[in-house]
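Q: All chains should be built: construct the whole structure from the sequences, respecting the hints.
Residue-level listing of the chains:
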Amino acid sequence: MTTLTDPPKESFRLSMLIYDSRYRSMTIQIVALIAVLTLIGWLISNTAQNLADLGKQPSFSFLGESAGYDINQRLIDYENQDSHLRAAFVGLLNTLLVAFMGCIAATLVGVFVGVLRLSNNWVVARLMTIYVEMFRNVPVLLWIILVMAILIETLPAPRAFRGETPEASMMLGDSVAFTNRGFYVPEPLFSRGIGDVHLFGEAALRFDVSLDLIAVVATFIAGLLISGLITRRADRIQAATGDRPRTWHWKAAVIVIPTVAVLAILGFYLGKPELQGFNFAGGTHMRNSLIALWLALSLYTAAFIAEIVRAGILAISKGQTEAAAALGLRQRRIMSLVVLPQALRVIIPPLISQYLNLTKNSSLAIAVGYMDITGTLMGITLNQTGRELETILIGMLIYLTISLTISFVMNLYNDAVKLRER
Amino acid sequence: MKKTFILGALTVAAMSAGAASAATLDDVKARGKLECGVNTGLVGFAAPDANGRWEGFDAAYCRAVAAAVLGDPDAVEFVPLTTKTRFTALAAAEVDVLSRNTTWTFSRDVDLKFEFVGVNYYDGQGFMAPKNLGVSSAKELDGATVCIQTGTTTELNLADFFRANNISYEPVPIETNAEGQTQYLAGACDVYTTDASGLAATRATFEDPSAHVILPEIISKEPLGPLVRHGDPEWGDIARWTLNALIAAEELGVTSANIEELAAGSDNPEINRLLGTEGNLGEMLGLEADWAKNAIMAGGNYGEIFAKTIGESTPIGLARGLNAQWKDGGILYVPPFR
Amino acid sequence: MNDLSFVRTEMLPERDPPPSTTGVIGWLRKNMFDGVWNTLLTIASIGLIVWVLGHILPWIWSPTWNAGSLDQCREIVGASGKASGACWGVIHERWPQMLYGFYPAELRLRPTLAFFLLFIALIPVLFNMISRRMNWFLLALVLFVATFFTASSALMIVVQIVLAAAVLYIGYTLVANSGSDRAEQIAAGARRLPNPLIFTALYVFLMPWLLWGGTIWTPVGAALGFVIGWLVFRLLAPVLGTLTAIILAFAAPVLWWLLLNGLFASAMHAILPFGLEPVESRQFGGLLLSVTIGVTAIAVSLPMGIVLALGRQSDLVIVKSLSVIFIEFIRGVPLITLLFVASVLLNIFLPPGTDFDIILRVIIMATVFASAYMAEVIRGGLAALPKGQYEAADALGLDYWKAQRLIIMPQALKISIPGIVSTFIGLFKDTTLVSIIGLLDPVGLSNSIRADTNWNGIVWELYGFIALLFFIFTFSMSRYSMYLERRLRTDHR
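Protein chains in written order, with the UniProt record's numbering: chain A, 1 to 422; chain B, 1 to 338; chain C, 1 to 493.
FYI, nobody ran anything at the bench for these hints, they're computed from the structure.
Here a beta-carbon is modelled for each residue, glycine too, at the ideal position from N, C-alpha and C.
Among the hints, a few may not be true.
[Claimed, not checked] Output of the computed footprint for chain C on chain A, the stretches with three or more beta carbons under 8 Å from beta carbons of chain C:
no., segment
1, 75-83
2, 116-124
3, 138-152
4, 180-194
5, 400-413
A: Dropping the structure here:
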């Protein structure tokens with residue numbers, strides 16, 4: 001009955017757009033696209049109409065105007081006569097700073113708490129559970145405000161450091177001061193420094209890079225690389241002979257000696273903060289807003305990371321631990337060689353999204369007056385210039401870029417450690 | 001999937017509810033309520049009490065306008081606004097009038113396209129410092145840490161002041177007055193700067209107000225006043241003359257106590273014109289003849305409102321100062337009702 | 001002869017284990033003092049706890065509940081001779097405001113009722129271990145209790161009697177028959193109570209009506225829209241084909257809502273006026289505002305999330321990339337920027353003259369925000385479903401929509417429930433961000449309260465109270481979610 005012939009060449013009919021499954025998906029997609037484009041067009045035309053009614057033509061020229069306000073916490077030089085764009089750049093760097101510090105601290109605390117939650121010690125495990133539940137179940141905004149309030153209320157004001165018998169004193173050999181205006185820590189200085197490179201001349205995005213710092217960091221990294229080579233050589237010897245040569249003193253030497261030498265050549269010394277006038281002068285001043293935001297964000301995110309770590313460790317089947325124990329590995333080595341590397345695969349994807357959350361939550365800086373990108377561009381600049389559309393648009397794009405970059409980089413890492421299934 | 005449509009239903013309800021147009025007066029009358037933008041919470045100027053009723057100097061002006069337009073001082077919808085949202089809310093017609101301790105400046109009037117209808121409080125930016133800091137003038141504040149509210153003109157004034165005097169300072173931006181107060185009291189900043197009225201109000205609530213001084217320098221002029229949108233002069237007139245009526249009432253000795261008596265007719269023709277027993281000022285505004293009487297009865301005249309909300313008998317204890325009538329050495333000087 | 005036996009013929013009596021390994025001491029030894037390191041840890045932890053509690057408890061224990069202002073608190077605390085103490089008078093005076101905001105005091109029964117009914121509406125969706133009778137019993141009970149808080153009228157008394165009868169009857173059957181008895185009765189042909197999901201569907205329309213008030217005909221009209229959509233689909237599907245019918249079935253209700261529902265509601269209201277006193281959304285505040293934003297946004301974002309997740313999974317390139325762009329954009333920006341959009345930009349995007357009030361705009365943006373996260377949760381659920389399910393659906397010859405509706409979605413949604421709950425917890429916590437754009441949620445109200453001269457200077461009491469409010473809600477939700485996760489896991493494997 002069946003004959004294998006070419007299907008008759010149908011002439012194209014309009015109804016085939018709907019009924020023929022070959023074209024139908026195309027039709028649906030085009031309809032969807034047109035619908036979305038219409039929606040966007042409608043929004044844009046509304047916006048244009050409304051802005052025209054308000055007499056505000058979209059324009060980005062305000063970015064070049066002088067900002068007129070001051071920013072206390074900044075990584076690069078800025079004064080109130082600089083442009084709004086410069087202020088936004090200062091804010092962006094502040095966002096990145098707190099996000100970076102927060103991710104590191106949150107990971108450390110999170111792993112620590114996550115492991116301790118599985119501790120045999122009942123009190124410690126309970127305490128960690130309380131910590132996790134307390135931080136997870138209260139809004140992060142409240143934590144930020146609360147940590148700020150705690151910092152302000154409990155730490156001494158700089159004026160408490162003054163006088164014959166001060167109520168408070170500096171720590172670590174008069175080099176660190178914890179005050180309710182923030183932490184004053186020594187700053188690295190170089191008496192024979194080789195100076196800075198000024199990038200981008202006088203443009204709004206200009207910033208200086210310290211050559212001294214680069215030299216020190218480069219030497220240090222080179223030391224790390226060489227110590228890596230030493231480890232590899234030790235591995236080879238162990239594989240060949242079964243004995244592992246002692247390497248730690250070599251490693252320490254290649255890392256420490258060149259770095260110290262470079263520091264000495266550059267005339268490294270620490271600039272200590274000193275009480276002067278109303279405040280401490282000298283040293284690096286980490287403002288209380290930065291500290292509060294950093295602590296609150298990292299403690300809050302750490303509670304989530306702790307749960308992720310715990311789940312990751314629990315996900316490793318008991319057989320793995322037992323097999324490792326049967327091989328004669330010690331408890332600590334089982335953790336570091338068998339459990340953690342496997343748990344890492346489970347941990348990393350949710351960890352990435354916690355980093356993203358932390359970065360996005362850093363926009364709550366506005367609640368404690370930390371001048372991040374939300375505080376400068378979408379805060380004061382918006383208020384002073386009345387350019388809502390432009391500032392919020394730029395702000396959103398910046399956050400989007402940061403988020404996409406983080407997830408891109410972390411996904412690369414994730415791919416690198418992912419289980420290679422055969 | 002069903003749930004999408006709550007929103008749909010709400011949308012329709014909301015869209016049919018209100019559409020802004022140029023004639024704000026007609027909108028307000030049609031709505032039966034005045035929408036008035038106020039501070040989310042500023043001691044003495046606007047704050048909700050335990051029953052959710054907004055009280056304060058700025059809120060009282062809203063009530064007066066509602067009384068003038070609608071005859072009912074409680075026909076006000078108070079819309080709490082932040083420094084960020086206040087101008088957009090007014091521009092987008094979310095509020096009919098903004099009475100939120102807003103400084104009248106050139107750019108706000110001209111560039112942001114608003115119309116300030118007058119000044120209800122002449123203020124200026126000052127500094128407060130603890131007595132034991134030993135500072136007697138703002139010029140001695142070199143290197144000091146200054147708490148300052150963001151998003152306001154005070155920020156720019158402060159930068160200008162320190163630049164002009166060539167001294168350095170460290171700004172600590174804060175979002176709300178309450179937060180600034182906490183930081184200042186704990187010593188996280190050496191001085192606190194904001195409008196002098198705000199400083200006085202803040203100091204009044206300290207455990208020991210006498211331990212703090214307000215420095216003599218007033219570094220800016222801050223004429224605070226209500227404002228409306230550009231482009232609706234009739235509505236602007238109503239807002240302006242309601243404020244003027246309150247001030248004029250004090251000047252003419254019309255109080256909420258004697259207003260009924262005076263409204264029956266008095267010897268002073270200006271009072272008669274103000275209260276609508278003579279002339280047709282109300283009609284010119286498109287309001288009832290007794291509009292000003294209603295406005296004054298809402299919370300009393302300017303002096304009464306001042307005394308009740310921020311005056312010397314309140315915990316805030318502000319003196320009239322510049323805000324006294326011109327006869328008493330102040331600069332309140334309203335055009336005649338004629 | 002062989003008296004010598006080397007094997008014990010009777011067992012020795014069991015001896016108690018050494019006292020150091022059992023009982024309290026043994027437990028303590030094992031769990032707290034196992035080795036030097038553990039002992040140190042324990043002591044340090046206990047020290048920390050004692051230190052913290054030693055600072056906090058005396059502060060909390062402060063007889064200031066009836067104080068009328070901060071000054072009075074200071075007097076009371078000063079008189080008791082303590083250095084510092086909490087001032088609870090502010091909570092005493094303001095807690096109704098913290099819960100309900102500016103919602104008219106005499107109408108607060110409505111949001112309370114809506115809140116309790118929410119649980120009853122959720123029970124059939126989330127707790128599938130409660131019997132139908134129990135569900136209806138709870139509903140009748142809540143309604144019955146609620147009637148006692150309304151103004152009494154003849155109608156109310158009738159309603160009360162009816163509800164009391166219902167409570168008694170269902171309660172009696174509950175007590176009289178155990179679950180297995182009942183199952184036998186049903187097998188023998190006894191009539192079952194209607195599915196409680198009916199109430200869940202009704203609740204979707206009931207909740208906005210209870211909260212916002214107004215005429216009953218608006219929600220009825222909104223519900224009619226669905227009936228219209230369903231009718232359009234049923235009538236047109238055989239004639240025009242499924243796809244066209246689906247599109248029309250979406251379009252018809254939208255037209256109904258946009259154009260005719262208002263007319264319908266006002267016309268019906270003129271004929272048969274019945275409604276609640278309207279409350280504007282501006283009057284929402286405090287925790288009520290947080291819950292309203294959270295619940296509405298999650299409920300509305302669920303269908304949006306399903307559509308987006310399906311879009312992201314589909315092999316239609318354009319649909320897929322549109323979904324991906326939307327999801328990644330929303331997930332890539334902080335909620336606060338979306339709230340800025342709601343507060344200052346949304347009105348600019350809409351046609352000139354549109355004036356949504358700010359709370360509605362915030363709900364819209366929160367919904368958009370939640371839908372992107374919801375899409376990812378549901379995508380996870382879809383991905384977790386074994387491929388065999390998809391193939392089996394195909395093998396049965398089901399088309400795409402039927403397969404989704406009958407096979408895929410019910411399972412995928414079930415797996416996603418814990419994720420949905422945690423998205424809700426996250427969103428609920430994030431509603432505090434609205435205080436930054438000037439809405440008076442609990443955090444926003446705390447600022448307003450401090451602007452009252454009586455309470456100026458209060459910090460810890462307010463924040464502590466708010467933290468406790470949120471903790472109670474989110475902690476119980478997260479515990480429930482964990483419980484559900486365990487249950488679902490056993491079901492699934």
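Q: Hint by hint, say whether it matches the structure.
A: Taking the hints in turn, this is what the structure says about them:
1. 75-83: With 0 residues in contact (Cβ-Cβ under 8 Å with chain C), the coverage given for the segment 75-83 of chain A is violated.
2. 116-124: Check passed, 6 qualifying residues.
3. 138-152: holds (count 8)
4. 180-194: violated (count 0)
5. 400-413: This one holds; 3 residues, not fewer than the three required, reach chain C with a Cβ under 8 Å.
Going down the numbered hints, you'll see the structure goes against 1 and 4, while the others check out.
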